[in-house]
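Model the full structure from these sequences, guided by the hints.
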Amino acid sequence: MEGGFKVTTVFKREFMAYFRTPIGYVFIGVFTALSGLLFYLNNLSTLSGELLIFLSQLTLLVMLLTPVLTMRLLCEERQRRTDQLLLTSPLSLWKIVLGKYLAAAAVMGIAIVLTNVCTAIIALYGTVYPGEWFVGYLGFALQSLAFLALDMFVTGFTKNQVPAAIAAFAANFLLWMLDLLADKVPAGFPADALNFISLYGRYEPFILGQLSFASVLYFITFIAVCLTASVRVMDARRFSQGGSA
Amino acid sequence: MIEVQGVSKRYGGVEALRNVSLTVPNGKTLGLLGQNGAGKTTLLNIITGYLAPTAGRVLIDGYDPLLEPENAKRELGYLPEHPPLYDEMTVEEYLRFVSALKLVQGKAIPAHLREIIRKTGLTEMQERLLGHLSKGYRQRVGLAQALCGDPDVLVLDEPTVGLDPKQITEIRALIRRLSAGKTIIFSSHNLSEVRQLCDRVVILHRGEVKLDVPIGEVGQSGAVTLLCTVQGSEKRLVAAMSHLDGVRSVSALPGAQEDEVALSLSFDPAALPEKQVFTLCSAMSTPILRMARCDDDLEQVFLKAISE
Ligand SMILES: Nc1ncnc2c1ncn2[C@@H]1O[C@H](COP(=O)(O)OP(=O)(O)O)[C@@H](O)[C@H]1O
Ligand SMILES: [Mg+2]
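Protein sequences appear in the order of chains A and B.
For what it's worth, the numbering used here labels the leading residue of the first sequence as 10, then goes sequentially.
For what it's worth, the numbering used here labels the leading residue of the second sequence as 67, then goes sequentially.
Hints in this document: simulated from the structure, not taken from any laboratory.
It should be emphasised that the depicted structure is a prediction, and the values quoted were computed from it without experimental measurement.
Misleading hints may appear alongside valid ones.
Stated by the list, open to error - Partial selection, computed: residues in chain B whose CB lies under 7 Å from chain A: (1) 114; (2) 154; (3) 163; (4) 166; (5) 167; (6) 169; (7) 344; (8) 347; (9) 349.
Each residue gets a CB set at the ideal place from its N, CA and C atoms; glycine is no exception.
Listed below in structure tokens is the structure:
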């Protein structure tokens, strides 16, 4: 049926919108500049050729900046009431959410690809093993995509962009730190559960250069759960809609 | 065909719609008339599936937009109260995007767009950014957007509000041209617009349907309506006037100034209403500030419906 690929219609519009407005440039510019700074502090000034540690340090940047990408996807749409077009079109909610998510992921992808300038510099003066590169980037990309999905879910709750971005950052931080919290709760199920969910815990093997299939599977499931939840929130709003939220 | 069956909607404590039912048969145009806050926008948002009703249901060509969205919305074009425009896109880009959303085949899009752009008089504006358009043009793009995919059912929320008189005439002419073969429901608080454009009129007041008749049957009661504004007590005046000869109904209209009463009086045609009212008000020492016959059938019906 011809409707099957309409995800790309939403994707193309969203991706274009990132670069018609300053957000796409600001995101990529700030991400690249700050990752350059981290690279300088972490590698250049200490003459270290560690790629995986450098990548792991970019996590903080990702946590801070993904809300900037997601806040406009749903909030701005409601503020400008353009959601009335999407939600009354024959496109299903999940196609809308997926198209938007993929557009944000593509912008994120550009920023991640650009960090390879740092990889190239390391390779020039030292060695980067292809396996190490692959594992490092796989883990880093999956973790970034997980933050993006989480933020898409969180920002879907309000139409005010600034509170949405702050809440998204808080959620990122919380999910990233759960394993630290796990040390403080009774051992057994609560601690295990926190460790299981913690995004940092899932990313850790990749920093050590290990390809963890359990983690890959976890990240993919996490993304699917967040996107599904995001669809549910939009669906529920039709029933509850009040002016203020 | 649009069927609204027993729809109610609450926003928290506010009951915006109460048990609303109406039908728009295929190829007909229905005008939804009501004051601000009557619930028009809420009803149209429910018809298009943007909001879910608290009770009742809607069927578009037999499909419920909440249960079978892809089928129900395939043949639906919606112009919401605020046209849903992406300011960073050009007119042409935007309409191309909407056409793709409405499942127009890629190959057919260029010809389809040309047709819509011509119909809505946007040819010269194609390359402009939506964010730079004036209110009138934004409304036209909003209408153009609703036409993408050539839907059978059009839902238009106050399509002419905020436009200048020339634009209003143009948009009305466009709607009239479109109405051939399409099923249309549009809201308005403008009586002459409804009279010009629709086959059937529904009056919505405080969330309830007060009247639902073919436009041709409006005002066949043969009554004469007198509108008068009098200085005095509402209760005494309404009571006294109810006893005049040939009076059918007396009702106070909302929105009068303090210690003034605006009344709508309905009389038998032979009753000499002005003379009677004048004599009564003189006797009661309640000065008549304004008095006029209302020759407009629809206005009479509307005033009666909302003052009950
Ligand atoms: N999102 C909302 N939250 C709470 N109340 C609302 C909301 N939207 C509309 N209302 C209320 O519902 C009633 C009907 O509003 P609306 O459908 O916009 O009427 P109209 O379009 O006829 O002017 C009004 O009293 C309005 O204040
Ligand atoms: Mg309205």
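Right, here's what the structure says about each hint:
1. 114: 4 Å, holds
2. 154: Interface hint status for residue 154/B: holds (4 Å vs cutoff 7 Å).
3. 163: It holds, given that the least Cβ distance between residue 163/B and chain A is near 5 Å, below 7 Å.
4. 166: With a closest approach of 4 Å, the residue 166/B hint holds.
5. 167: 4 Å, holds
6. 169: 5 Å, holds
7. 344: Interface hint status for residue 344/B: violated (48 Å vs cutoff 7 Å).
8. 347: With Cβ-Cβ at 45 Å, over 7 Å, it is violated.
9. 349: Violated: closest Cβ of chain A sits about 51 Å from residue 349/B, beyond 7 Å.
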